[in-house]
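Both chains are given apart, each in its own frame, so use the hints to dock them into the complex.
Protein chains in written order, with our numbering: chain A, 1 to 358; chain B, 1001 to 1197.
For the record, the hints were derived by calculation from the structure and aren't laboratory data. Ideal placement from N, C-alpha and C gives every residue a C-beta, glycine not left out. Take the hints with a grain of salt, since some may be wrong.
[Claimed, not checked] Label pairs and their in silico Cβ distance ranges: (1) B/L1150 / A/N247: 48 to 54 Å; (2) B/N1099 / A/A295: 52 to 58 Å; (3) B/A1145 / A/N174: 35 to 41 Å; (4) B/L1150 / A/R205: 32 to 38 Å.
[To be verified] Short derived list, chain A residues pointing at chain B, Cβ under 10 Å: (5) S72; (6) P81; (7) D169; (8) T185; (9) V273; (10) Q277; (11) R290.
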Amino acid sequence: MSASSRVYIWASSPPSPFLSNLEASCRVIAANRHNTTGFDVPDSVFLAVDQATSASSAAVAAPVLRILFRMSASLEADASPLSAVVGLLSGFVVALRTGFPELPESTRSYLVDRVHARLASFGDPHVVLALFLNPFFALCRHADDGALWGTRTLAGHRDAAIERLAGDDVAFRNAVIGDLGGYITHVDSAACVDGSPPHPATWWRLYGDSWPTLQVVATRLLSLACSSAGSERSFKTLGVVLSRTCNRTHNARVDRQWSVVFNSRQLNRVNAVAMYQRSRKEKEVVGLVRVAVAAAAAGARAGGAPAGGAPAAEGDDDGDDYDERDEDRGSGDEGGALEAEYIEAGAVDGEVTILLAD
Amino acid sequence: MFDNPRWRAFFLNISGGRFSGPGDCRAVGGSLLQSVFDRVFAQVLAVVAAHHGRTLTCDGITDANPRGAYNVIACAPVPFIMSVFRLGVSLSTAENLLNGLVFSLPQPLTEPQPVSALLRGRAIPSARLDALLGSPFWATVTDNASNMVLMRNKAVESGLCIMAYGCFSHVVNLLAEDVSKQSGLHLGIKSAVTVFE
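Chain B extracted, bound-state conformation (with noise of 0.2 Å):
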């Protein structure tokens, strides 16, 4: 009775635009949840804003629906969500990781960092040091797929980034699988998951 243009007209108008009818309940509230997204990402943008040699990391997931998605991460240590990008159709080139990570970050941390109040007055004198300080992430890391390898190198060629090198989390993964084809144990591991499928 609901679903036809007129009464979505109807509840569009009277919901301010939030909601549209059956199918659309889950965008009800959707106030709240900005109100809250905001003051938490102001806190966000504040701590890693202060912290001086942010690493950024981005990796991918498929999602329950399956889609992928892109997050976009900055450490300071601590890791944050700054954005949440997806390819849709694209293909998960490196030049078009790059545009999505660089096109998805917030606007403050893609600008380089003023130098003077790193330095506290003191007086060091080297302009490539204020290149160096200035460059508003210090080192990306990704995992090793090889779109990932090409992505983080470009953003050292675009000037996002100072260095990049790939998750060390993984790597030691690696040599686990060394240590366990050297030993043997990965043919029976092998094995075991083939009579188990």
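Excised from the complex, chain A in its bound form (with noise of 0.2 Å):
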């Protein structure tokens, strides 16, 4: 790679293993300076991987960072319905907005910018839809605050999406409408979310008889997947069928061998939603929306600014190490809600609590 080249980081990296190296780093550079046939190195070069200078930029962006991880690994579960991206980035807004003090008010700003125009450039109004239709999300819908999220609010996504699905019935679009009122009634009057609610999609089969036709989109819109994560997970298993030192197969046969390899596993996990389990980053995320929530209604009543707390530092740093240098990546885990839920367990603290706490 050369020193041009797109240097990423993938959000599920936490920027600990860059700091384990940094002291090579320094090592290297400070070796090569005393010997006579190394390598040049420019001075920006040495001053940017100043170990001093680095570790507090490092250490500024852990949190965000590790909070982005945890959204990713959660988005990355087989059954995670579509209404936890916006639900996810719109906790993440929140957090930005009312959390972060070591980040100054320009960078959270310019960060907040970015989420919406990313959701705007990729997303599309359905997932917004989306949001609205999952009754876990409920409070992030409070939260918003009509931001314009792109061109449009959170609202003018909605209304987008049913524009989009009823095309040009009048008679369907009603309907929906009438549906999604009721329904938006119903879950802001009822504590029906409590506990550890089942995937959105069972929600609306055991719940959804009284809005019969938004019901049956509900259940397919919250069925999709939110991310490749699947293709991107089969090429490992492409890599087990064809390798390096056995690449002679045909065609025909490794992409055979290959179906047979993967499928065969997957069909042992078909049930993903039923055994779904909302992860802990989706429960920690409305966690800090509450918090956010509570802090503005404090500050209103009192008449002073809103007030929040940063989330939490702590957590594990076991996340998948590998650098996104091209398109070809494996997913780190075999994904699966159970297995995102299995890594989240791993982690130390509740950060829900810790900010409560805070």
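See below:
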């Protein structure tokens, strides 16, 4: 890789491995300086690898990157509902607005703008509609301050999704809007998502009979995948079937072997939705939003500015250590909601608890 | 000694067309693989066909040879490999990718789903809902390379799916890059990579 090449941090790579390698970088450069046959290191590079500077940069970025790492792990689970995308991102925006005091205000504003712009660039209005259909993320709806996500607010994206779904069919559009209003009224008035709620698609199958038109849409919309992690994971299997030491197999045989090995394994996990458990990251994000909403309400009552707490810096650093230098990556874990939950179970302390303490 | 047309014809004859001599040993045993593939794929098709709200994803890789291959995955919501296609010397344009994807899909998945079975007898008066439920796939998800973005938008236009969006795991990755750039961490990592390369 040349110096001008793009350097990527994959979100599931916390900065700790970088920090642990930093000392080695400094030693190499110092030894090189005293070596008459050493290579040239520009001063700018020397300054950038300077341990104190990089360490302080990493310390500032670490809490934010750690949250992004957990979000990525949650979204890569097979049964992760589509609603998790905007739910997690809106919780992240709330966290940026009310926490991370070590980050300058300008940086936080910039990152909030980037979140909005990224979702607008790569997303689809239906992704936002999915947020409205997940009762677990009702608080994230409430925390929405009407900010523009691209060219529209979240409510604007929701309405655009309904328009797209309905097309020219006015009766269908009215039925969806009527059902959506009834559903939101029900969810906002009832504590129907306390405890450990099921997968939102399951929730709609169990409790959505009162809104029949929306139920048909919601059960399908919430079952959609929010990442292409499945595609990426399958490449790991290809690496087993066709390797550098076994690379003369015909394409047709490679494809069949690849398909058989991967699909046989997946057939054992077809009930991913039934066994779905909400990842701890999602619970933490909702906890974050709950704290922010409560703080804003308290601030409004006291006539002061809303207060918030920074997300805890504690957590495991056992993330997947892979750089995303091209598109041909494999996933660090074999995925699935359960696997994602196991990863989360390794964390040291509940961050929500720490947040509440803050 | 065996590397000549007469011996190859002999080997092909006695092996039922699966082995032609030196350099072709990997074709032996193919009949068993085919039967296993057929059995597993029939189960996969049954699972995917029974799931409503399917997602289609597609991604490319350069294999060990190195040649490009694209997998076509149907998420129900557990991902299954539906097909693999290669573009060979053709450019990986959006048109070529979409054609490769559509032609490689098994036919049962490209046909509209029977709507009456999906509604379980409920009377929902909507022609539009019929069209939505009949769509072979509800969403196409790819990474955010420009040709993939164009391809997934064309998939919506062609009626293969209702909506298309980018992989949000990649989006979170881009956000992590934004964070690292803002904090100065990006410069440190880039410099470290420069030194060690």
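Verification of the hints:
no., hint, in the structure
1, B/L1150 / A/N247: 48 to 54 Å, "32 Å, violated"
2, B/N1099 / A/A295: 52 to 58 Å, "54 Å, holds"
3, B/A1145 / A/N174: 35 to 41 Å, "39 Å, holds"
4, B/L1150 / A/R205: 32 to 38 Å, "36 Å, holds"
5, S72, "5 Å, holds"
6, P81, "9 Å, holds"
7, D169, "3 Å, holds"
8, T185, "21 Å, violated"
9, V273, "6 Å, holds"
10, Q277, "14 Å, violated"
11, R290, "22 Å, violated"
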